[in-house]
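Using the sequences provided together with the hints, build the complete structure.
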Amino acid sequence: MVKQRHLGTSIVVLLTVVLIASVYMVSVGAEDRNYDSTQDGPRDPAEVPDAPEVVLTSAQSPLMVARFDDTTDLSTWEQVQHTPFPYEYGVWQADSGKLYMSGAVEGTSFEQTMLLEPTVASSNALIAGYVYPQGAPVVGLVFAATEDGYCTFRAFRQALDADEATSEPSVNYMIECFDAATEDYQTWCENTTTPGFDTDAWREMRVEINGTQVVASFDGQPVCEVANLQPAGGRSDLSGLAGFYTIAIGDTLFDNLTIAE
Numbered sequence: 001m002v003k004q005r006h007l008g009t010s011i012v013v014l015l016t017v018v019l020i021a022s023v024y025m026v027s028v029g030a031e032d033r034n035y036d037s038t039q040d041g042p043r044d045p046a047e048v049p050d051a052p053e054v055v056l057t058s059a060q061s062p063l064m065v066a067r068f069d070d071t072t073d074l075s076t077w078e079q080v081q082h083t084p085f086p087y088e089y090g091v092w093q094a095d096s097g098k099l100y101m102s103g104a105v106e107g108t109s110f111e112q113t114m115l116l117e118p119t120v121a122s123s124n125a126l127i128a129g130y131v132y133p134q135g136a137p138v139v140g141l142v143f144a145a146t147e148d149g150y151c152t153f154r155a156f157r158q159a160l161d162a163d164e165a166t167s168e169p170s171v172n173y174m175i176e177c178f179d180a181a182t183e184d185y186q187t188w189c190e191n192t193t194t195p196g197f198d199t200d201a202w203r204e205m206r207v208e209i210n211g212t213q214v215v216a217s218f219d220g221q222p223v224c225e226v227a228n229l230q231p232a233g234g235r236s237d238l239s240g241l242a243g244f245y246t247i248a249i250g251d252t253l254f255d256n257l258t259i260a261e
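As numbered in the numbering used here, the sequence shown has no gaps in its residue numbers, which increase by one up to the final residue, 261.
Quick caveat, the hints were computed from the structure, so don't treat them as lab data. Just so you know, not all the hints are guaranteed correct.
Ranges between beta-carbon positions, derived for each pair [stated by the list, open to error]: (1) 110 x 198: 16 to 26 Å; (2) 84 x 222: 19 to 29 Å; (3) 46 x 74: 36 to 46 Å; (4) 120 x 72: 20 to 30 Å; (5) 192 x 110: 35 to 45 Å; (6) 96 x 233: 31 to 41 Å.
Keep in mind the model is a prediction, meaning the values are calculated, not measured. Don't be surprised by glycine CBs; every beta carbon is placed ideally from N, CA and C.
See the structure below:
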């Protein structure tokens with residue numbers, strides 16, 4: 001009986017040591033790996049560091065820069081909601097120095113939602129800003145927005161795993177224009193070769209407009225170019241309002257919207 005008691009005690013001690021080591025290794029691994037909102041859940045806006053400033057060339061002068069530590073009143077901004085159901089509207093608010101699209105009025109929605117700043121950008125302008133995607137698979141910039149319609153530069157998230165990946169090439173970046181009269185979309189550029197974005201980091205998006213020529217870049221890399229983009233409604237130029245785009249899944253942050261000429 002004494003030998004059995006000693007053996008049992010040894011097993012208990014061994015299991016305790018293994019358990020402590022396992023807990024330590026898990027905690028170390030959690031500290032070492034990068035934050036991943038798909039595993040850890042979305043960060044609160046207050047936990048996300050501030051976005052970098054949009055860098056302009058010496059030839060560019062800012063018409064407007066929206067930093068959401070001092071731009072908290074969004075009453076003059078225009079919301080565009082692509083759904084007839086108010087409970088699916090995206091909810092936009094300034095939170096902890098960032099623009100926060102927190103989800104739909106009731107829960108979440110896959111409907112498109114946009115927020116436009118009231119400054120009119122000309123057809124020779126730079127429109128840029130930072131996005132911090134967590135839950136939403138698509139983020140973007142809106143430009144040339146008028147009563148006739150608008151254009152978007154959109155970026156799509158990389159496939160998270162094999163279940164999301166397909167054998168067909170996926171569109172990772174695109175420029176598309178919406179005609180308000182016909183409610184039709186026209187695609188002007190699709191990029192299937194440049195990888196889509198990773199989540200949980202600030203990403204710069206910019207659209208440079210020169211007449212009807214448009215160059216769209218993501219994190220400093222040109223990903224879409226259109227030589228002669230024609231906006232909706234028979235318009236001859238790409239002037240209009242600008243802003244941010246996503247879908248009302250929520251947990252997406254934006255900052256430092258910049259319009260320069």
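Of the numbered hints stated earlier in the document, which are not met by this structure? Hints 2, 3 and 5 not satisfied by this model.
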